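S.K.: Join the two chains into one complex using the hints; note that each chain is given alone, in its own frame.
Take a look at the letters that make up each chain.
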Amino acid sequence: MVEHTVLCIGTEDGVSDITATLEGEPDLAPVGRTSVADAAEFLQAESVGAVVTEYDLPDGTGLDVVGSIREHAPQTPCVLYTDVRPGDIDTGSFGDAIVEYLNRDLPDAADRLGFVVGDVIAHSAQVGFLVPDDEESRLDALESYDVDELPIEESFERLTDLITSHFDAAVAFIGLIEKDEENFLACTGADWDSLTREKTICTHSMLQEDVMVVEDIREDKRFAENQQLHDLGIVSYAGANMTTPEGQIIGQVCLIDHERRSYSAQQRAELQQFAETAMEILELRQSLLEAAGPEVTA
Amino acid sequence: MSVTGAGPFELADLPLGPIDDGTSILLTGDDTDLLETVFYRLLSSQDDEGSLVLATDASGREVNRALERTVDGASDRSTVLTCTGPDSPENVTTIDDITDLTGIGMQFSSLVAESQETASRLRAGIILCSSICSAVDDTRSVFRFLNSNLLSQVRRNEAIGICALDTSADIGTSMKSIIAGMSTSFTGRIEVESDGPGRATLHVTGLGDDETYDVSL
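Quick mapping for you: the protein sequence lines, in order, are chains U and P.
Okay, so the first sequence: first residue is 5 according to my numbering, each after it adds one.
Okay, so the second sequence: first residue is 213 according to my numbering, each after it adds one.
These are computed hints drawn from the structure, not numbers from a lab.
It should be emphasised that the depicted structure is a prediction, and the values quoted were computed from it without experimental measurement.
Any given hint could be a false lead.
[Said to hold, decoys possible] Quick list of in silico lysine to aspartate or glutamate cross-link-like pairs, EDC-like style, CA-CA up to 16 Å:
#1 K388/P / D224/U
#2 K183/U / E147/U
#3 K388/P / E403/P
#4 K203/U / D350/P
#5 K183/U / E139/U
#6 K388/P / E219/U
Next up, chain P with everything else stripped away, as it sits in the complex (with noise of 0.2 Å):
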């Protein structure tokens, strides 16, 4: 079902070059602020993309207004799956228990199916993973998600694929061994910084050459 060709994922207001499809991207950091913003200028969509957004502190009003923020229209161009707040405007879906992740994974998946028939080109990230692992019993229910879902669908499609990790949450594991884990799967990493206010230092490693960047936020 792939397609390819189409060049790669240009970025928002980041200093970071064009991300090829097929790439997943771990997003760390302990700011949640930040960690959203940097989110948020990775999905955004352009205009012959859709992006899906999995959010699980954050209302869909919440998420549009954040995509619009980042790039001109781009919540038009976007479908949220959100587990805070109602199931509106039009492109909201809300999920009741963020614990459900077989409930989640087949909205995620019939949802790329639909993005599909309206841009083959597709952004999908979930923010934020860390809360997921912090509700769930048993680890390994996430990591059968990210691996069913955000990683196949990224595989599979002309997509790329975000996970943000809030790494001051307690998720009942060791962090950085998580972290670890997951840096291994995913394509590569960008690790967020606070660098004074509105501003941050990214880490980015595994999307080519390894690169420290300093950014206005």
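Bound-form chain U, shown alone (with noise of 0.2 Å):
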């Protein structure tokens, strides 16, 4: 079982009780600080499952913290844990942080902080991106290839050569989507090995069945205010989904424009034949791999 290292944030006396509340649950592994100083000093070196915080800080309030994970971790789900009020609380410019608000007075607050938390990192449940309804299949789906094992870097590379020089397109990229983040497993035109799920485009077009195109991601509101996806130099996209022959989503194929571009439809269906075409490559890699048997060692 993982243990999940939950940064907790309070008061001396605030923060025994929390931690306290939270060392009775299996599966965590609470760390207590004082400060935002010393949670944000902590995050800088830790990564963690969860946060749990009070409003009223020495140094600020709990909503610092949480605003700082957005910037740098926006995936860590956050629970304020308080007895100030919704209504009493200055949200200010963390209109769009998002937390878990558990109101400390409720007379079953302690039992329910340690359900919460649990809940938060077993679903994922802040993300800021939609959750497909199977996605625990499909990231078993996505597990059941070897993709380490596979000599398929090469085919893959040959392959995302062709589509940038049929396409004319600045990148091409074969991504795989796991639960926090797509990997990069070839990638012409740049030199992409992985991007946080939340800020990528495939999350969003894992999602469609069709081709999705982006003509210009400074005009979508998904996208306009992701920096990292500006810093990239991308302004066009098209994904087309790797399915496997279960059903289940696992990857995309993708092209990236560094200026406006549309695609036609039969552009898009060519898109998708090249996306059928990896998922064949890495289903005959993974079926060559599966009849060799495991390697026998003396």
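M.R.: Written as structure tokens, this is what we have:
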């Protein structure tokens, strides 16, 4: 069982209560801090499964911590555990931070806290993207491919070279969409390894049956405020699903351009064919690996 | 915290079968009057239930009236969070800024907890989510809000959730793509299509067998 670090922030007494409560939960490892600054220092050094914070802190508020997390590790679930009523909390510049609010004055607040923290971690409950209803089985399907063991890199690189040339696009890539990030198995025209899922366009594209085209991400509210996409020079996008024979979408074959661009119905159909080809390569390599059986060592 | 076993949620004046707890429904359509009528038929609570409405474009009084029109006494069992109108009557809380999703989410969580003190079963809904999408700069915050609030509360509690989306709204992104995405995150979808004065066709998917119903509204 994976143990999740839970950063707990509050006054001396408050944080002791929180950590004591969470120490009773089987998969949680609470760590206490007593200020925004100490919490920030911890978060720079460690990744955490969740954050539980009081509202009033000596050098700021719990929302200062949440706001900072949303910039650096946006998918991290945060729980505001406080006796301050929602109407008395100054959300100020944190209107889009989003946090789970739990009233500490509730008679069963401690029981609720353990349950809520476990739940938000288990269900990635505060991600800024939509998660398919069958996400768990989708991830199981993805895991069934031994990608690290398969000699697919060269095949995929040849394919992305071909795709780039065919569409005269700036970048083409093949990416697999994991729980928290997209890993790029091949990429022509750029040097990208992975991207946090919340910041990818593919996490939206994978939810659509047909090829998704964004002619100009600066005109789409899902992406216009996503600075990382702009920093990568992405202006237009087209993505097609890689779908397993059982119907699970595990990845995308995509085109990127540094300028506004549209795609005809014919081009979209061709991109979908390339995605199906990528999936076939992955399937065949996996079949060969399984047919070879486990390696016998002396 | 989830309590189960009290049976599915019965619906007022809709031909759909009862809805199991833990079900989330995406309600879509381009006629806001029809959308509202179906929304309140899904959301109006029965005797042993509570309901929580996040209303973006209707005052608390208007929401209460719509609930009462649907089920007698439903407004007495309801809590309303609204972005419009005064902070009254007693069951109404007003939000100053529709883009303050952190503040709205905290109020929403708090009201769910309060509602559980009087009724363990809850119908929670947002009308109209498209208005929130239109108002915010970054759609990711709407997704985070839905995940953190409506969908989490429905998952954890003996509850159903309804999210209404006016498909004629300008939400600053592809409506088709948003609906495709939200359809995969919600248990089911009801698409409301006008079929002449006072009549509509409901296309229901993901809630048992996929069906189409002609209804009077």
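S.K.: Please go over all the hints and tell whether each is borne out by the structure.
M.R.: Hint check:
1. Among the hinted pairs, K388/P with D224/U is consistent with the structure: their alpha-carbon atoms are about 13 Å apart, no more than 16 Å.
2. With a CA separation close to 11 Å, the supplied pair K183/U and E147/U stays within the 16 Å bound.
3. Restraint check: the Cα-Cα separation between K388/P and E403/P comes to about 13 Å, which is no more than 16 Å; the hinted pair holds.
4. Of the supplied pair hints, the one linking K203/U and D350/P holds, its CA atoms being roughly 12 Å apart against a limit of 16 Å.
5. Taking the CA atoms of K183/U and E139/U, the gap is about 8 Å. The hint holds against a cut of 16 Å.
6. For a cut-off of 16 Å, the pair hint linking K388/P to E219/U stands: about 15 Å separates their Cα positions.
The structure is consistent with each of the numbered hints, conforming to all of them.
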